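**Student:** Residue numbers (numbering that gives the first Met the number 0), protein chains in the order written: chain A, 0 to 489; chain B, 0 to 549.
There may be inaccurate statements among the hints.
Stretches of chain A that chain B covers, calculated by requiring three or more beta carbons in the stretch to come under 8 Å of a beta carbon on chain B [claimed, not checked]:
# : segment
1 : 31-45
2 : 81-89
3 : 286-294
Pulled a few chain B residues facing chain A out of the computed Cβ check, cut under 7 Å [what the hints assert, rightly or not]:
#  : residue
4  : Tyr-200
5  : Gly-201
6  : Leu-202
7  : His-232
8  : Ser-237
9  : Ile-240
10 : Glu-397
11 : Tyr-400
Hints were generated in silico from the structure; no laboratory data involved.
Bear in mind that the values here come from a model prediction, so they are computed numbers and not experimental data.
Even glycine gets a Cβ: it sits at the ideal position worked out from N, Cα and C.
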Amino acid sequence: MSEPYTIIIGLEVHVQLDTRSKMFCGCSTAFGAPPNTQTCPVCIGMPGALPVMNRRAFELALKTAVALNCEIPRFTKWDRKNYYYPDLPKGYQISQFDLPLSQDGYLPISDPKGRFEPKRIGIIRAHLEEDAGKSMHDEAAGVADSRIDLNRCGTPLLEIVSQPDMRSPAEAKAYLTELKLLLNYLGVSDCNMQEGSLRVDANINLHIDTPEGTVATPIVEVKNMNSFRAVERALECEVRRQYELWQQTGQKLGDVPKQTRGWDEASQTTRPQRSKEESSDYRYFPEPDLVPVTTTEEQVERIRRSLGELPAALRSRLQESYGITPYDADVLVNQGRNLVDYYIELAEGCGDGKLASNWVQQDVLRTLGEQQIEIAEFPAPATALARLLDMVRAGKITTSRGREVLAEMITSGKSAEEVIKDMGIEQVDDSALQDLCRELIEASPKVVAQVKQGRQKAVGALIGQAKKKNPNVNPARVREICLELIGNGH
Amino acid sequence: MSLIDQTATELLAALSSGRLSSVEVTGAFLDQIESHDSKVRAFLRVDAEAALARAEQIDRHRKNGKPLGRLGGLPVAVKDLLCTAGEPTTCASRILEDFRSPYDATVIARLKAADAVLIGRTNMDEFAMGGSCESSAFGPTHNPWDLGRIPGGSSGGAAACVAAGMAPLSVGTDTGGSIRCPAALCGVTGMKPTYGRVSRYGLVAFASSLDQIGPIARTAEDAALLLEVLAGHDPLDSTSIDLPVPRYSETIGQPLEGLRIGLVPEHFGEGLDAEVEAAVREAVRVYRSLGAAVSEVSMPHSKYAVATYYIIAPCEASSNLARYDGVHYGYRTDQIQMMAELEAQRKELQQAGDDAALEELDNALIRMYRRSRAEGFGPEVKRRIMLGTYALSAGYYEAYYKKALKVRRLIRQDFDRAFDGVDLILGPVCPTPAYKIGEKVDDPLSMYLFDLYTVSTNLAGIGGISIPCGISSDGLPIGLHLQAPTFEEERLLRGAHMFQKATDWHLSSSFAHISTVFEAVARRFCWSVQRAGLAVDPLGPTRGALSPPS
Ligand SMILES: [Zn+2]
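Generate coordinates for the entire structure from the input sequences, incorporating the hints supplied.
**Tutor:** As structure tokens, this is what we get:
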């Protein structure tokens, strides 16, 4: 790196867990209901109402923690985080303070494009808490009019806090992508950033090399980033800003209180957020309305066994079993488990992992993208596509004809064999092919002369003509036959 | 014998056999309220019409042979911090004056299902914070034995209404003595069950780890009846314990064989009124005469109980009461006035050019919080919120809250060790009989120290019961405190009942209704002295050091 500094990034990710009901009451967690219709005395903090822990949320949290290679303490408890805000009707958030349900884990990340070395990002802790409601401010003309929707209030949130282990915005993005993929494979969250089911706060500063030694710039917390791309950009922007600021002011870590800045998509800059966070004291103390939760070794083992194959393991297996490149394995695995299952079935069926990978990446993914559908809805089953690839491999039909066949299979839902029959694609008999080639050679002395002078490429013209005469011919075979005939002194 | 002199158990028998109707019973208690509650002020609200309608409905069901709940038409008074669907639940606070709960507390649902007639909502210290009922935003309740005195608190109205014959049964809550103290000062029976025995769902929290709902009645037998209805596991309260509820009222008549009683020497030390001590020692003698073995048990950490309590309870309260902020429900300050005030301040600062102060000026939201809470809460509640907020603050948490939790564990260990050798721990409930209204208002510390003997029960999470055991020279009741290990409510009740079979102190509260309350108390007092003095039962109590009034 040519820059005279090291970038230090740590991320706090909040993930809404995919439970039917809220963390401490029976209200639905469905997104998009009319404001304040999914509430009850518990989640709107009525006097006397008490929380009851959602077991399912706890299990999903444990599952995630185990997949993040975290330690699972035998004993965990709840705490109250006290602060006043209108979308927090109890005046405190039920969270976990000093005894989180998991700690000390890691998530390996790598970049198939090789922009950084594969590494492990440490996980400080992953703990459960309840979400707050949503405030919508209309501060037009200085008359603050705020509306509060408490539907989200009490939705289970898993907070995953990383170590400050990321050294570039690209690493931060890779970490988020890998984390989201993992959550996806675990089926614990839909990770929809637009609906707020995955939220990211970043802490970033620079360690600058100076003749006097390394100097750290003040840590800045960046919020309000609505996509992974935004996270990357915000961090890039923050790196530049912090370095410039340091050059101007020489401000070091500890000189100023920790600042919170918000990413502004429109101006592509971070702006300071008016926040009293600096001075806030959450007065954490154990939540007396809930009992501590104990987790047994057996429970953790059961969860570990139920995890299934996770993305990292799956990537290695695809490379080893099907001979595809790390890049290809990455692309396939990043599409989610269902696509990988499709790929595996296809690779097994046609017996060529590389070919299967090409077809999935080029044809299947394109169709999914164009039609905005999931792999489960893809009209050509893996077995059907496998038979088509078999024929392509055997040279019975060409790749481009194969693509046409697949397109027809997708529109009609018919099998490869039916489509081939319907399209009149018949296998061209080898002796007929020999005749056709002989005919073309005789009609093209120029090509023959060129080939004889050693320009084998010239035979391409003959292949083109052969295809025109019969679209079903195998170009490789045409080439073979022509070269042979010319070589034999034709 | 007048209807309201009968115990709940007797009334229930009469109701079940058809000798009395619920309308008659409810009507009699409503009449008593009507005649005397303007002086006692035990109730914040009484809906006579609704109570009678409910009584009538229960009578009809009984007539039609419909099976009735456990309380089959008995009136029950409820402390005004148990949420009742569609009705106000004020916690005796301005901040919830107009609040109506959208749901029933679990105990309210249980009472309704048991066919109780909910006769009215009783007064209390604001948010149950206090030991005298004086911190109620709606004025104090008066002790029926002496209207110039406090009834105890925080369940002052709940105990006073039973003492004054305005309800046979009453539901209170106890965080540091809030059932037992007023029961003692009003001469009735009141029990704080084990933490987790009764669901707290719908009990407006003061200190969640200490709060517990319990029965107040004239006799242990009546308390047993009510506890049977209140107790039991509730999936809505994570701290409620899933243990079967014994039929307390069926076993209460069985004396405790080979009873071992423990006395805590620390509970008979400095600060204990001589008459209270004499009455408690006399009660111990009664138990001894009933065959109990008495020994001393050491509670080395009990001297820290009040200090520990006044850290933990305010800490939890400061958080529990954060929700009363004027945003979603409850009292909110006058916004127009508030905005005008804020604007005026801003202008003033602008003119003065005081930029620093301008920067510090509240925004509208913060000012709304501040004013709503400042106007909505009374001084005692504010004091405790401030105490708790301070003790939980960064830098103080370790020194206060964390240390308090440690001492709390030590206090629990003291009890565990003590109960290895004894079945019940006996002692005074309050250090003195009821003091005068206004006497300690300006001295919160001495008021806090009044909880000296009761707070450890809550800190340890065990059960305790207060039963009448004497009357002071001023004619004021004295309470005896029995404590038992967790989930030994049956033992407490049987132990209390043994005493009540051998003595008459609990009956002395039965004549409150005769003409005026003043007269009632005088008569009741004379009657009980006579009864006690004339007792022929060799096991019965003697007057001991107490002398009748002149
Ligand atoms: Zn809810």
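**Student:** Does the structure break any of the earlier hints, and which numbers would those be?
**Tutor:** Violated: hints 7, 9 and 10.
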